[in-house]
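Protein chains in written order, with my numbering: chain A, 1 to 276; chain B, 1 to 254.
What the hints contain is simulated information worked out from the structure, not anything from laboratory work. Check before you lean on any hint, since a few could be wrong.
[Said to hold, decoys possible] Here are some chain B residues the structure puts well away from chain A; computed CB gaps all over 10 Å:
| hint | residue |
| --- | --- |
| 1 | R8 |
| 2 | Q18 |
| 3 | K19 |
| 4 | D71 |
| 5 | G153 |
| 6 | F253 |
[To be verified] Quick look at which bits of chain A chain B covers, simulated, 3 or more residues with Cβ under 8 Å:
| hint | segment |
| --- | --- |
| 7 | 160 to 166 |
| 8 | 170 to 183 |
[Unchecked claim] Below are the PhoX-like pairs computed for lysine-lysine, each with C-alpha atoms no more than 20 Å apart in a straight line:
| hint | chain 1 | residue 1 | chain 2 | residue 2 |
| --- | --- | --- | --- | --- |
| 9 | B | K95 | B | K113 |
| 10 | B | K145 | B | K129 |
| 11 | B | K128 | B | K145 |
| 12 | B | K113 | A | K176 |
| 13 | B | K128 | B | K113 |
| 14 | B | K113 | A | K174 |
| 15 | A | K176 | B | K128 |
| 16 | A | K176 | A | K95 |
Just so it is clear, CB atoms sit at the ideal spot from N, CA and C, and this is done for glycine as well.
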Amino acid sequence: MLNSYRFRKFKDNAAYVFCLLCVVVAVIPLISIIFEVIARGVPQLSLHFLTANGLEGGIGPAIQGTLILIGLTSLLGIPVGIMSGFYLAEFGGNKYASAMRTINDILTEFPSIVVGITAFSIVVVGITGSFSPLAGAVALSFIMIPIIARTTEESLKLVPTSVREAALALGLHKWKTIFRIVLPTAGQGLVTGTLLAIARIAGETAPILLTIMGNTYFFQSFSQPMDALPLRVFLNSRQPSPEAQAQAWGAALVLILIVLALNICVRIASRSRLKK
Amino acid sequence: MNGGQKVRTEELSAWFRQKQALKNVNLSIKANAVTAIVGPSGCGKSTLIRTLNRMHELVPGAKVSGRVLLDGKDIYDDDVDPVQIRRRVGMVFQKPNPFPTMSIYDNVAAGLKLTGVKKGPVLDEIVKKSLQQASLWDEVKDDLKKSGTSLSGGQQQRLCIARALAVNPEVILMDEPCSALDPIATAKIEFLIRKLSEDYTVVVVTHNMQQAARVSDYTAFIYLGELIEYGSTKEIFEKPKHELTERYLTGEFG
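Chain A on its own, in the form it takes in the complex (with noise of 0.2 Å):
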């Protein structure tokens, strides 16, 4: 009897153990990322290397591009995005929204060189006849549409039927139900989802290489070719010098602080206002 509960107790500490060293492990690679990026990154920082050029060995239009980038995205994708999110979520019993789920759900793994390639054949060769901003974002919010789609659909299922009830019983039409009152229901998941696919398309590279292509210049035109940091860390980490790798770690670390910043902005901006 005691040496049944002994070893159950054994059995217990050791998954917990073993659980515990899976957890190690996963972070490992990521402790060791974020501690080398820092490490390799922070001697770069200074203010002649945030705002100056690519001729004067700054970052500027890199991060200028990539400022660019997210604010144009998000206009294209968010929207698109979380529409069809509530058609998927609302009015999705149908045939015609299952297969669209499915495709959905397809785009969502689709390899971004692919993405990439697309838009360089539709918007680069087809419309702007040059490598721009506009090809740029359109190829992003490929990647960014079925992400928040998918998000949105999710949260807004998870908003319970008692809540919906509740609003139609007391008079509300469809669409209000769904505006006032479940969409804020679901309101931090979708923030959860809109910032997943700004952090994600922020660092995608295969994409703009293909259709920003890469500036030593601050921004000129939409229908001119504009840099943005992702590209900046691949462009320089591939050239022999060690000022221009060294750059591109400096580069590296602003792009994540970058999405952290505006990961910690929009989590505060969209706080409940409630007492509790």
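Given chain A's structure and the hints, the job is docking chain B onto it.
Chain B alone, transformed into the frame defined by chain A:
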């Protein structure tokens, strides 16, 4: 005091896909009185009240036939907007369901604010009055900005009652409003139901016979989707005409 008929159902049947939940129910509900609908679980009580404000049809595959007359007008006529019906016939649900992202104030104001009917000081007045009618005002008057979900279960249910009252309905449907509450909270709601019948027509679904006896003026007994017996609560409890009713009341099945 008990006026005429407020709601009458004629040959009312309801289905969930193939399954018939209500069979030719003919029931007339008196104005300014409390009507209790009792019966064993799954007998169609909730379906019955959900047909009275057209909430039943929101379930996929749900279907209704027959007529429901509200002040003599069939609410299932083609020219009737279900949204308008739901404003006249309010509802309180089994589990308290305040809007989770809204403050106490906004929960009560939701119906009027979101339909754009009322604003500002008028709205403040209505929120206060509704909370008073729901016997909640004194407990929350200093915390109107707090989240509705921060209240206790019983308070949340009274908040939902206040929310339903704020749009000034004529009929209030309550679907087992006390089943998720403790005895003290239940007593408060029961008191409230009595009080509300002075101004509103109240229909309460309950599986608790004592509750029906305590709060209602009229009782309808439903069994397997059919209306078995209907009459004044006193009659039903003291000398039921139908054998099934008597057996249910004495606890032979349930």
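Hints and how they fare:
no.: 1; hint: R8; verdict: holds, 21 Å
no.: 2; hint: Q18; verdict: holds, 18 Å
no.: 3; hint: K19; verdict: holds, 19 Å
no.: 4; hint: D71; verdict: holds, 17 Å
no.: 5; hint: G153; verdict: holds, 14 Å
no.: 6; hint: F253; verdict: holds, 29 Å
no.: 7; hint: 160 to 166; verdict: holds (count 5)
no.: 8; hint: 170 to 183; verdict: holds (count 7)
no.: 9; hint: B/K95 / B/K113; verdict: violated, 24 Å
no.: 10; hint: B/K145 / B/K129; verdict: holds, 17 Å
no.: 11; hint: B/K128 / B/K145; verdict: holds, 13 Å
no.: 12; hint: B/K113 / A/K176; verdict: holds, 11 Å
no.: 13; hint: B/K128 / B/K113; verdict: holds, 15 Å
no.: 14; hint: B/K113 / A/K174; verdict: holds, 15 Å
no.: 15; hint: A/K176 / B/K128; verdict: violated, 24 Å
no.: 16; hint: A/K176 / A/K95; verdict: violated, 26 Å
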